[in-house]
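Engineer: As numbered in the numbering used here, residues 465 to 963 make up the first sequence, in order.
Just so you know, these hints were derived from the structure itself, not from any lab.
From a predicted model like this one, the values you see are computed outputs, not experimental measurements.
Don't take every hint at face value.
Unchecked claim - Here are the computed lysine-lysine pairs in the DSSO-like style, where the Cα-Cα straight-line distance is at most 30 Å: (1) 710 - 638; (2) 710 - 771; (3) 642 - 710; (4) 918 - 872; (5) 575 - 638; (6) 638 - 707; (7) 771 - 872; (8) 771 - 706; (9) 707 - 772; (10) 872 - 915.
What the hints assert, rightly or not - Pairwise CB distance ranges (calculated): (11) 748 - 617: 29 to 35 Å; (12) 898 - 791: 38 to 44 Å; (13) 906 - 775: 31 to 37 Å; (14) 767 - 629: 32 to 38 Å; (15) 535 - 613: 31 to 37 Å; (16) 876 - 740: 45 to 51 Å; (17) 864 - 791: 22 to 28 Å.
Every residue, glycine too, gets a C-beta built ideally from N, C-alpha and C.
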Amino acid sequence: MTPPRARFAPSPTGYFHVGSARAALFNWLFVRQHGGTFILRIEDTDEARNRAEWTDGIIDALSWLGMDPDEGPYFQSAQGDAHQAAIEALWDSGALYACACTREEIDARTKERAAAGDPTPGYDGHCRDLNLPRGEGRALRFRTPDEGVVVVHDLVRGEVEFPLRALEDFICVKSDGKPLFVLANAVDDRTMAISHVIRGEDQLPTTPRQILLWDALNGAQSVTLALPAYAHLPLLVNESGKKLSKRRDPVAVEMYREQGYLPEAFRNYLALLGWSPGEEEIVPLNVLLERFRLEDVQRSPAFFDVKKLTHIDGVYIRALSIDGFVAASRPWVDPVPGEWAPGAWRDPDTGAPATPPPPWSPERFDPDVFASLAAVTQERVTVLAEVPELVDFLFLPDAPDDPDSWQKGVASDELAPTILAGALAAYESCPWDAASLHEVTLALAESLGRKLGKAQAPIRVAVMGRTRGLPLFDSLAVLGRDETRRRIAAALARLEPAA
RNA sequence: GGCCCCAUCGUCUAGAGGCCUAGGACACCACCCUCUCAAGGUGGCGACACGGGUUCGAAUCCCGUUGGGGCUGCCA
465 MTPPRARFAP SPTGYFHVGS ARAALFNWLF VRQHGGTFIL RIEDTDEARN
515 RAEWTDGIID ALSWLGMDPD EGPYFQSAQG DAHQAAIEAL WDSGALYACA
565 CTREEIDART KERAAAGDPT PGYDGHCRDL NLPRGEGRAL RFRTPDEGVV
615 VVHDLVRGEV EFPLRALEDF ICVKSDGKPL FVLANAVDDR TMAISHVIRG
665 EDQLPTTPRQ ILLWDALNGA QSVTLALPAY AHLPLLVNES GKKLSKRRDP
715 VAVEMYREQG YLPEAFRNYL ALLGWSPGEE EIVPLNVLLE RFRLEDVQRS
765 PAFFDVKKLT HIDGVYIRAL SIDGFVAASR PWVDPVPGEW APGAWRDPDT
815 GAPATPPPPW SPERFDPDVF ASLAAVTQER VTVLAEVPEL VDFLFLPDAP
865 DDPDSWQKGV ASDELAPTIL AGALAAYESC PWDAASLHEV TLALAESLGR
915 KLGKAQAPIR VAVMGRTRGL PLFDSLAVLG RDETRRRIAA ALARLEPAA
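Given the sequences, and given the hints that come with them, work out the whole structure.
Structural biologist: Below, the structure written as structure tokens:
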């Protein structure tokens with residue numbers, strides 16, 4: 465196969481949609497394994513607001529996922545000359561005609577037809593043979609053949625036939641002279657010599673029009689180009705089986721990045737939607753590259769399952785080396801000014817939800833202290849944004865205050881004062897390491913006739929603030945004798961303010 | 001309404017006529033391990049939408065039904 469040229473062509477509409485990310489990934493995998501070219505084209509011809517910003521977001525997200533384009537970004541808005549030339553050629557060849565109908569007129573006629581028993585919707589070809597001149601608020605329609613079929617040769621779906629009689633004369637140039645998506649898209653694919661169009665299934669119904677346009681362009685312009693190969697990927701849906709919607713579904717890739725999903729894990733999960741690498745599903749990139757086949761892509765829609773994504777992310781996090789984990793956690797525990805950090809991105813619609821910064825100040829954070837508990841932290845988080853709440857007790861001036869934990873672990877335990885007082889005494893002079901602390905605390909528990917599991921709760925809440933968290937004795941060992949005892953004493957005082 | 005697509009456990013999938021009393025993973029449940037929480041281990045629950053064909057034999061092929069979805073804009 466000659467090296468393919470495939471494009472990822474998002475429109476900058478606010479943030480990077482997971483469905484777009486999946487489409488980009490499949491394009492990228494396909495191109496990489498065939499030594500081809502991965503092209504980024506920004507389809508920004510509409511009312512592009514804040515264009516630069518959204519485009520930067522797309523580029524950042526692609527880069528985060530390790531899929532930097534080989535060419536581009538090209539901007540559709542910069543292709544005006546090519547679009548114009550195509551329109552002129554098409555007009556001169558007679559493929560287009562001017563239409564003066566308004567939406568209202570068309571709808572009215574459709575209604576009339578329906579009343580007369582003809583349910584055919586769409587444009588009725590009213591202006592088709594009127595030979596109207598161009599201009600004056602007139603859109604240009606494509607003269608669609610009345611008989612026959614257009615067949616789309618789809619790499620994942622096989623041959624899909626569209627009867628032409630059901631295809632109306634569609635508009636491809638707006639009344640202001642600007643091309644519509646269907647035309648701009650086809651023209652750009654021609655000028656960029658695209659060989660493979662890999663995109664979402666929602667684009668399948670528009671494909672016959674683009675094929676018609678492509679053929680017409682071949683006849684109208686001096687260059688004859690081979691039609692690209694098409695591959696329409698199954699849609700990503702929510703749990704009710706509907707196409708992922710920007711409104712009610714968490715679809716922003718930026719949001720997942722903020723929450724601390726690793727790009728490798730995210731990419732691995734994306735690859736699993738509509739495709740399977742085989743017996744193992746958590747596989748490194750080289751395996752993805754080795755095994756991916758467009759032909760093996762599933763045809764039915766796939767549910768974007770955050771639970772599974774999260775599980776996979778947990779596996780990737782645990783597979784990190786300690787150093788790797790410490791480095792990956794950095795933005796969440798010790799963000800560097802000027803560099804990417806959680807909280808930088810906000811949902812353009814809701815203005816939320818950004819991951820909050822760590823609860824401690826940069827001055828209080830100690831990388832070495834964090835590193836000493838990294839191993840036990842690593843196996844307890846599933847996304848990096850969970851790291852701060854596990855280690856915050858180390859960097860806050862006092863034990864974090866969690867009312868539920870206090871109530872459950874201390875206030876409602878009649879033995880809590882005894883345990884805390886016992887621990888305060890026992891910790892005064894015992895060797896300060898996890899094993900010794902374990903031993904000493906176990907002895908205290910047994911003297912009170914309690915299992916260690918139950919007896920450690922008040923100490924844990926007094927020092928670490930919550931009933932759940934890192935292993936207690938490792939944590940105390942790192943926190944230090946003085947601070948541990950100070951917090952236990954503080955908890956005792958809080959329990960018996962009078963005494 | 002019209003056109004198109006799709007149909008294996010709740011979810012993602014393996015399965016390309018006999019290897020399937022349908023395999024794995026997520027989720028869920030139970031047990032084990034255990035200083036909390038995780039992680040890990042063991043086991044469990046759980047699917048070929050339905051009806052006709054074709055065939056010695058169908059989850060796999062064909063047809064129909066039903067169900068779901070997409071598109072149907074002078075948006076991209």
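Engineer: Run every hint past the structure and note whether it holds.
Structural biologist: Going down the list of hints, with the structure as the test:
1. 710 - 638: 27 Å, holds
2. 710 - 771: 19 Å, holds
3. 642 - 710: Within the cut-off at roughly 27 Å; holds.
4. 918 - 872: 11 Å, holds
5. 575 - 638: Holds: residue 575 and residue 638 sit about 24 Å apart, inside 30 Å.
6. 638 - 707: Within the cut-off at roughly 28 Å; holds.
7. 771 - 872: 29 Å, holds
8. 771 - 706: 18 Å, holds
9. 707 - 772: Distance ~19 Å between residue 707 and residue 772 Cα, so the pair holds.
10. 872 - 915: At roughly 17 Å apart (the allowed maximum being 30 Å), residue 915 and residue 872 satisfy the hint.
11. 748 - 617: 29 to 35 Å: 33 Å, holds
12. 898 - 791: 38 to 44 Å: 25 Å, violated
13. 906 - 775: 31 to 37 Å: 34 Å, holds
14. 767 - 629: 32 to 38 Å: Given a distance of about 36 Å, which is inside 32 to 38 Å, the answer is holds.
15. 535 - 613: 31 to 37 Å: Because 35 Å falls inside the window, the suggested range holds.
16. 876 - 740: 45 to 51 Å: Taking Cβ atoms as reference, residue 876 and residue 740 lie about 50 Å apart, which means the hint holds.
17. 864 - 791: 22 to 28 Å: 25 Å, holds
This entry does not satisfy hint 12, going by the numbered hints stated previously; all others are met.
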